[in-house]
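Let the sequences and hints guide you as you build the complete structure.
There are 2 protein chains.
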Amino acid sequence: MRKRTVNKYELSNLIAERWSPRAFDPQKKIENRTMMSLIEAARWAPSAFNEQPWRFMVGHRGDPTFDKILSTLVEWNQQWAKNASVLVLNIGKKTFTKNGKKNVVFKYDVGQAVAFMLVEAMHHGIISHEMSGFDPEKASEIFKIPADYQPLSVTAFGYYGNSSDLSPELKELEFATRKRKNINDIAFGKMFGDCFKE
Amino acid sequence: MRKRTVNKYELSNLIAERWSPRAFDPQKKIENRTMMSLIEAARWAPSAFNEQPWRFMVGHRGDPTFDKILSTLVEWNQQWAKNASVLVLNIGKKTFTKNGKKNVVFKYDVGQAVAFMLVEAMHHGIISHEMSGFDPEKASEIFKIPADYQPLSVTAFGYYGNSSDLSPELKELEFATRKRKNINDIAFGKMFGDCFKE
Chain Y
1 MRKRTVNKYE
11 LSNLIAERWS
21 PRAFDPQKKI
31 ENRTMMSLIE
41 AARWAPSAFN
51 EQPWRFMVGH
61 RGDPTFDKIL
71 STLVEWNQQW
81 AKNASVLVLN
91 IGKKTFTKNG
101 KKNVVFKYDV
111 GQAVAFMLVE
121 AMHHGIISHE
131 MSGFDPEKAS
141 EIFKIPADYQ
151 PLSVTAFGYY
161 GNSSDLSPEL
171 KELEFATRKR
181 KNINDIAFGK
191 MFGDCFKE
Chain X
1001 MRKRTVNKYE
1011 LSNLIAERWS
1021 PRAFDPQKKI
1031 ENRTMMSLIE
1041 AARWAPSAFN
1051 EQPWRFMVGH
1061 RGDPTFDKIL
1071 STLVEWNQQW
1081 AKNASVLVLN
1091 IGKKTFTKNG
1101 KKNVVFKYDV
1111 GQAVAFMLVE
1121 AMHHGIISHE
1131 MSGFDPEKAS
1141 EIFKIPADYQ
1151 PLSVTAFGYY
1161 GNSSDLSPEL
1171 KELEFATRKR
1181 KNINDIAFGK
1191 MFGDCFKE
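Chains as they are written, first to last, in the numbering used here: chain Y, 1 to 198; chain X, 1001 to 1198.
Check each hint, because a few of them may be wrong.
What the hints assert, rightly or not - Partial list, derived from the structure: chain Y residues whose beta carbon lies under 8 angstroms from chain X:
1. Ala45
2. Arg55
3. Arg180
Stated by the list, open to error - Cross-link-like lysine-lysine pairs, in silico, DSBU-like; alpha carbons within 35 angstroms at most:
4. Lys8/Y / Lys1029/X
5. Lys102/Y / Lys1179/X
6. Lys1093/X / Lys3/Y
7. Lys1181/X / Lys82/Y
8. Lys138/Y / Lys1093/X
9. Lys93/Y / Lys1093/X
10. Lys1181/X / Lys1093/X
11. Lys1197/X / Lys102/Y
12. Lys179/Y / Lys82/Y
13. Lys101/Y / Lys1008/X
14. Lys1197/X / Lys93/Y
15. Lys82/Y / Lys1093/X
16. Lys1094/X / Lys197/Y
17. Lys1068/X / Lys1082/X
18. Lys93/Y / Lys1181/X
19. Lys28/Y / Lys179/Y
20. Lys171/Y / Lys8/Y
21. Lys181/Y / Lys1138/X
22. Lys93/Y / Lys1171/X
23. Lys1068/X / Lys1003/X
24. Lys102/Y / Lys190/Y
25. Lys1144/X / Lys1102/X
26. Lys1138/X / Lys8/Y
27. Lys179/Y / Lys1098/X
28. Lys181/Y / Lys1093/X
29. Lys1101/X / Lys190/Y
30. Lys102/Y / Lys144/Y
31. Lys179/Y / Lys197/Y
32. Lys1181/X / Lys101/Y
33. Lys1181/X / Lys28/Y
34. Lys1028/X / Lys1093/X
35. Lys101/Y / Lys1190/X
36. Lys1008/X / Lys1181/X
37. Lys1029/X / Lys197/Y
38. Lys28/Y / Lys82/Y
Keep in mind that the hints were calculated from the coordinates and are not lab data. Ideal Cβ placement from N, Cα and C applies to all residues, glycine included.
Pasting the structure below:
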C-alpha cells in the first residue's frame, strides 16, 4: 500500500514514499546485511563535535531482544508492532565523551541518525514506523543501559503486509489522510511567525 | 569535491554522498522553489503525535535574515558560512500544542526533520553543513522567538565552491578523513554494550 506525500514542491522518492504504516507482514524477515545498511546509514549522520551519541538495540522477530523491546511498548503499539521484522530501541548519550559536559543536542542528533535509517530503509523497500509510546525506564532496566544513556524511541521495520488483517481502529488510521502544517506555518522569512513568502 | 562515506554495507547515494563541507560557492544562489523542496521534505518528517515541532527561519545570502542568522554564529563558523547560499535557523517547540505538556522528544523530532532536509538537498545537488556553534539566546532576541520555542542549530546550504579559497586551518578540515565509530560500538544485540554480531 502506498500513501505518498501530498507535496506542492518536488520531493525525492525516498522522502515522498515514506510513511508510518501498521500493517507489517508477520512472515517476512529482514536480511542481516540489509539491516546493517540501515545502521550504516545512521552511522554516517552528522552530529555536534562528531560525538555520534546514537546507540541501537536491534531485535529480529523471533529472538529474545525483539520480545524484550516489544514488552516495553504500550499495548496499543504492541498489537501491530509484534508483526514487524525488526524492532530497534533508539538510545542517546547525554554527555560529550571528550569532556563529560552535557550535550544539549544529543536527542536532536539521535533523531537525525534515525531519520537516515528511515530513508535508507525506503531505499531497500522496507517500511518503518517510529513510536514514542514505550517505557524508557523498563527498557533501561531490561538492557542494563547506563544512567548516562537515555532510551528515546522505538522503530519498527519490516515489509508491508495486508491491511485487512488490522483491527477496525487500526485500519481507520491506516487509510486516514496524512496531515501536515502548511509551509507558511513552519517556515518564516523575517520574524518568527511572520507570513512567509513561498 | 566528493568525500563519500567509507561504508562496509551498501548505502543509497543520498546518504553516502552527504558530508559537511566548508568551501561554499559565494556566487551561487539556491532557487526559491528548490529551497521550498527542502522545507517540504522537513514538513513530511514523522513526529510524536504528529506535533511537527519544527520551525525554520530561512535567509538567502544578500537578505537581512541571512545576515542576522550569520551574526549568531561563532566567529569560526562565520568565516566560511558567510559564503553559503542559504542559512536556516532550526527551532523546536518545547510543548505539545494540544495539551501544553512537555514534549520530551521535540529536539529528536526537529533533528529528524532537518535530516530529511539534508537528504532532499543532496537530491538537488545542494551541499549542507550543520552548526551547533551559535548563540541561541541572541537568535531568540533577534527574531522575537517565543519562550516556548528553542533555537537548536543552524544549517548552511549551498553549492560547492573552491577549496583553495579556504584558510589553511579550514582546508585541513576539508581534506581530513571522515571518521565514525564502528558498527559494533553503536549497535547491540543482547545487552547494552555487548559484542554485536554483524
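Quick rundown of the hints versus the structure:
1. At about 7 angstroms, the closest approach between the beta carbon of Ala45/Y and any beta carbon in chain X falls short of 8 angstroms, and the interface hint on this residue holds.
2. The closest approach between the C-beta of Arg55/Y and any C-beta of chain X is roughly 6 angstroms, which is under the 8 angstroms cut-off, so the hint is satisfied.
3. Contact between Arg180/Y and chain X, as hinted, is supported at the beta carbon level, the nearest pair being about 5 angstroms apart and thus within 8 angstroms.
4. Distance restraint check for Lys8/Y and Lys1029/X: the Cα-Cα separation of roughly 21 angstroms lies within the 35 angstroms cut-off, and the hinted pair is therefore satisfied.
5. In summary, the hint linking Lys102/Y to Lys1179/X is supported, as the alpha carbons are separated by about 22 angstroms, within the 35 angstroms threshold.
6. Between Lys1093/X and Lys3/Y the CA atoms are separated by roughly 27 angstroms; this keeps the pair inside 35 angstroms, and the hint holds.
7. Annotation: proposed proximity of Lys1181/X to Lys82/Y holds, straight-line Cα distance about 31 angstroms (limit 35 angstroms).
8. Restraint check for Lys138/Y and Lys1093/X: the C-alpha separation of about 27 angstroms stays at or below 35 angstroms, so the hint holds.
9. As the CA atoms of Lys93/Y and Lys1093/X are separated by approximately 22 angstroms, the hinted pair is consistent with the 35 angstroms bound.
10. Between the alpha carbons of Lys1181/X and Lys1093/X the distance comes to roughly 31 angstroms, so the proposed pair stays at or under 35 angstroms and holds.
11. Taken as a hint, the Lys1197/X and Lys102/Y pair is honoured in the structure, with Cα atoms around 31 angstroms apart against an allowance of 35 angstroms.
12. This hinted pair checks out: Lys179/Y and Lys82/Y have alpha carbons roughly 26 angstroms apart, not beyond 35 angstroms.
13. Note on Lys101/Y and Lys1008/X: the hinted pairing holds, with a Cα-Cα distance of about 32 angstroms set against a maximum of 35 angstroms.
14. Between Lys1197/X and Lys93/Y the alpha-carbon distance is near 22 angstroms, which keeps this suggested pair within the 35 angstroms criterion.
15. Pair hint Lys82/Y plus Lys1093/X holds up; C-alpha atoms about 32 angstroms apart against a cutoff of 35 angstroms.
16. With a C-alpha separation of about 26 angstroms, the suggested pairing of Lys1094/X with Lys197/Y holds against the 35 angstroms cut-off.
17. Only pairs whose Cα atoms come within 35 angstroms are accepted, and Lys1068/X paired with Lys1082/X is accepted, the gap being roughly 11 angstroms.
18. With a C-alpha separation of about 14 angstroms, the suggested pair Lys93/Y and Lys1181/X falls inside the 35 angstroms cut-off, and the hint holds.
19. A distance of roughly 29 angstroms separates the Cα atoms of Lys28/Y and Lys179/Y; the hinted pair therefore holds under the 35 angstroms criterion.
20. Pair hint Lys171/Y plus Lys8/Y holds up; C-alpha atoms about 27 angstroms apart against a cutoff of 35 angstroms.
21. Using a Cα cut-off of 35 angstroms, the hinted pair Lys181/Y and Lys1138/X holds, with the two alpha carbons roughly 27 angstroms apart.
22. Taking the CA atoms of Lys93/Y and Lys1171/X, the gap is about 31 angstroms. The hint holds against a cut of 35 angstroms.
23. The straight-line distance between the Cα atoms of Lys1068/X and Lys1003/X is roughly 31 angstroms, inside the 35 angstroms bound, and the hint therefore holds.
24. Proposed proximity of Lys102/Y and Lys190/Y is supported: the alpha carbons are some 32 angstroms apart, at most 35 angstroms.
25. With a C-alpha separation of about 21 angstroms, the suggested pairing of Lys1144/X with Lys1102/X holds against the 35 angstroms cut-off.
26. Simply put, Lys1138/X and Lys8/Y have alpha-carbon atoms about 33 angstroms apart, close enough for the 35 angstroms limit, and the pair holds.
27. Pair hint Lys179/Y plus Lys1098/X holds up; C-alpha atoms about 15 angstroms apart against a cutoff of 35 angstroms.
28. A C-alpha spacing of about 14 angstroms is found between Lys181/Y and Lys1093/X, which places the hinted pair at or below 35 angstroms, so the restraint holds.
29. At roughly 29 angstroms between alpha-carbon atoms, Lys1101/X and Lys190/Y fall within 35 angstroms of each other, so this suggested pair holds.
30. Straight-line distance between C-alpha atoms of Lys102/Y and Lys144/Y comes to about 21 angstroms, which keeps the hinted pair within the 35 angstroms bound.
31. Pair hint Lys179/Y plus Lys197/Y holds up; C-alpha atoms about 21 angstroms apart against a cutoff of 35 angstroms.
32. For the suggested pair Lys1181/X and Lys101/Y, the alpha carbons sit about 20 angstroms apart, so the restraint of at most 35 angstroms is met.
33. A C-alpha spacing of about 30 angstroms is found between Lys1181/X and Lys28/Y, which places the hinted pair at or below 35 angstroms, so the restraint holds.
34. Only pairs whose Cα atoms come within 35 angstroms are accepted, and Lys1028/X paired with Lys1093/X is accepted, the gap being roughly 32 angstroms.
35. Note on Lys101/Y and Lys1190/X: the hinted pairing holds, with a Cα-Cα distance of about 29 angstroms set against a maximum of 35 angstroms.
36. Only pairs whose Cα atoms come within 35 angstroms are accepted, and Lys1008/X paired with Lys1181/X is accepted, the gap being roughly 13 angstroms.
37. Between the alpha carbons of Lys1029/X and Lys197/Y the distance comes to roughly 17 angstroms, so the proposed pair stays at or under 35 angstroms and holds.
38. With a CA separation close to 12 angstroms, the supplied pair Lys28/Y and Lys82/Y stays within the 35 angstroms bound.
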